[in-house]
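Asker: Listed here are the chains, written in short residue letters.
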Amino acid sequence: MADAPHEAGGPHLDQPEDAVVDAPPDAPTSPPLDPRWWGEVTLDLGAVVRWRAGPSTVRAERRAADWRVWHATEGDAYTVAAERLAVVDEPAPEGAPTLRFGFTETPDTLHVAPRLADRTVVVRPEHSLSVPPGETVTLYASTPVWMALQFEVRRSRRGRAPETDLAVVTELASARPTDTWLGPNTREGELCYAVHTAARTELADVPLRPHRALTPLTVVNQAATPLQVARVALPMPYLALYVDDHGRLWSDAVRFVREPDDDTTVAPVSAAPAGGERLADPRTAQTFGQALGRTFSRLFKVDAR
Amino acid sequence: MTTTDPGLETFAFLAALADPSLWWAVARAAAYLIAGGLLSRVVRFGVQRALAHLEPGQRVLLARIASYAVLVLFVISALRQFGFDFTVLLGAAGIVTVAVGFASQTSASNLISGLFLILERAVQPGDVVTVGGRTGEVISVDLLSTKLRTFDNLLVRIPNETMVKSEIVSLNRFPIRRVDITVGVAYDSDLGLVQKTLLDVAHRNPLGLDEPAPLLIANGFGASSVDYMLAVWAKSENFLTLRNALTREIKEAFDAAGIEIPFPQTTLQPGAVPLTVKVVGAEPEPGPAAGPTTGGAPS
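Going down the list, the protein sequences come from chains A and B.
Take the first sequence: its letter number 199 is residue 199 in this note's numbering, and every next letter is one higher.
Take the second sequence: its letter number 62 is residue 62 in this note's numbering, and every next letter is one higher.
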């Protein structure tokens, strides 16, 4: 925690996680943070709802025929802030809304839920970590979550009675990570998100950030040479999302094994936190092994540099 | 002189019609044509299905060639039933080929070029290409020409021969592209700060890829500025958005950091004779050129 990550390495999009672990000592004492910003709220026509997750503040107004959503960001990707979804006594923001959703008659309940990233996230530890031969280490990497806005809609199917269903109308990034390319060359590969992380090894050191989900990442080095963990691709669409009893968001764990013959295998490991609640299923219904084959195993590796 | 009796001619014609061998020949020819039509259709579908791994353009072309070949064979067989001798026709065909060849030199060249274009898969519908200075989306690659839709919505028909001879630059064949932005800074700038500012801008924009990493290249000392090129990778679809955003963000970051982007400058060296420079404008200049309204004196 005492690291000064900006002293090493080049310029980065975001401040690394260490930089905002603790509030400055002279900061005024604030009430303890309630990290659960998601939930559902029912509101009357003309009322405004607001919530905050990290740098993102979202306001939504229910009107007779449309829902209007304003999304604003303030601060960097590691801003620690949360405000629970609730009706606020304030007028709708001036200026054009970020998004509008039209209905015959607007639903009165807005559901907001966290979701993991929709692409693979390439995590770069701020300080590279070397895993000696035969060792196993568990790192904690946090990645920003998306805020899924959902409404109840009635869907009529032929020959059946209309069913009420919860439909996602949009997803807003709480802190949009930068794009990156993961592949053997510039002709083939996959567009991913890049996230810089402190990659802490002690859970107690990991700060609680309401808009980021922690992924426990186990790196096993069975080869005869040390393994330098320079960047790790986390298959976020294959992981489920949980919340523990402290309100911290967790994803399933990921296990990387560098085998004696230098092959690397990767596998998501179902890992709900103790006393945790499952908030979202993996985005893709396919299992990791079914979807990916050899190409994927080549992409998802811990760089040995 | 012999004259033919029309009555006799009619009789001969009717006698020929009554000859069962003629009807037999017609029936066989018709059978050949029907069988040929059916078989060519079967061949077309069969080839299309067998070559499912090829591009649609290639598949259609090969299927069409195969089905026409089958049809031509059956038509020739049908004609043979009436006693047509194709050895004579083949001899004539050589001469005709030379004549037609000369007449349709351009079309034939385009046709052959079109075949090569389709088989080589140099361009495909949907590609965004620059050919001979024109950039547009490929709508179709036909046998004689390739059609482009330019971004101002014009249809450009490029003969395939030109396509084969020209350099074709495909702008969206690969999933990612590099945005290159050149910028010059004043000679009195802190170059360390300039480099840091440029790379910060590149890292801050979420559309710029983190990897391949942004590249900063010093292009040398220019006439009026120290020139840099900032190269940032982006997904091909985001190319223009990123280029516009980076240009604005670089200007804003330079303004905030007090870095100047200089105009072209010229330094005058007076040589042996000292050059006297006088600042004019503080006081009205006397003389005939100064009109009554040019003075700055308060009224």
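One or more hints might be untrue.
[Said to hold, decoys possible] What the simulated footprint calls covered on chain B by chain A, stretch by stretch (three residues with Cβ under 8 Å from a Cβ of chain A suffice, anywhere in the stretch; the number is not a length):
no.	segment
1	169-180
2	205-211
3	225-236
The hints are simulated quantities; they were obtained by calculation from the structure and are not laboratory data.
Quick reminder that beta carbons are idealized off the backbone N, C-alpha and C, glycines included.
Asker: For each hint, tell me whether it holds in the structure or not.
Answerer: Hint check:
{"no.": "1", "hint": "169-180", "result": "holds (count 3)"}
{"no.": "2", "hint": "205-211", "result": "holds (count 7)"}
{"no.": "3", "hint": "225-236", "result": "holds (count 3)"}
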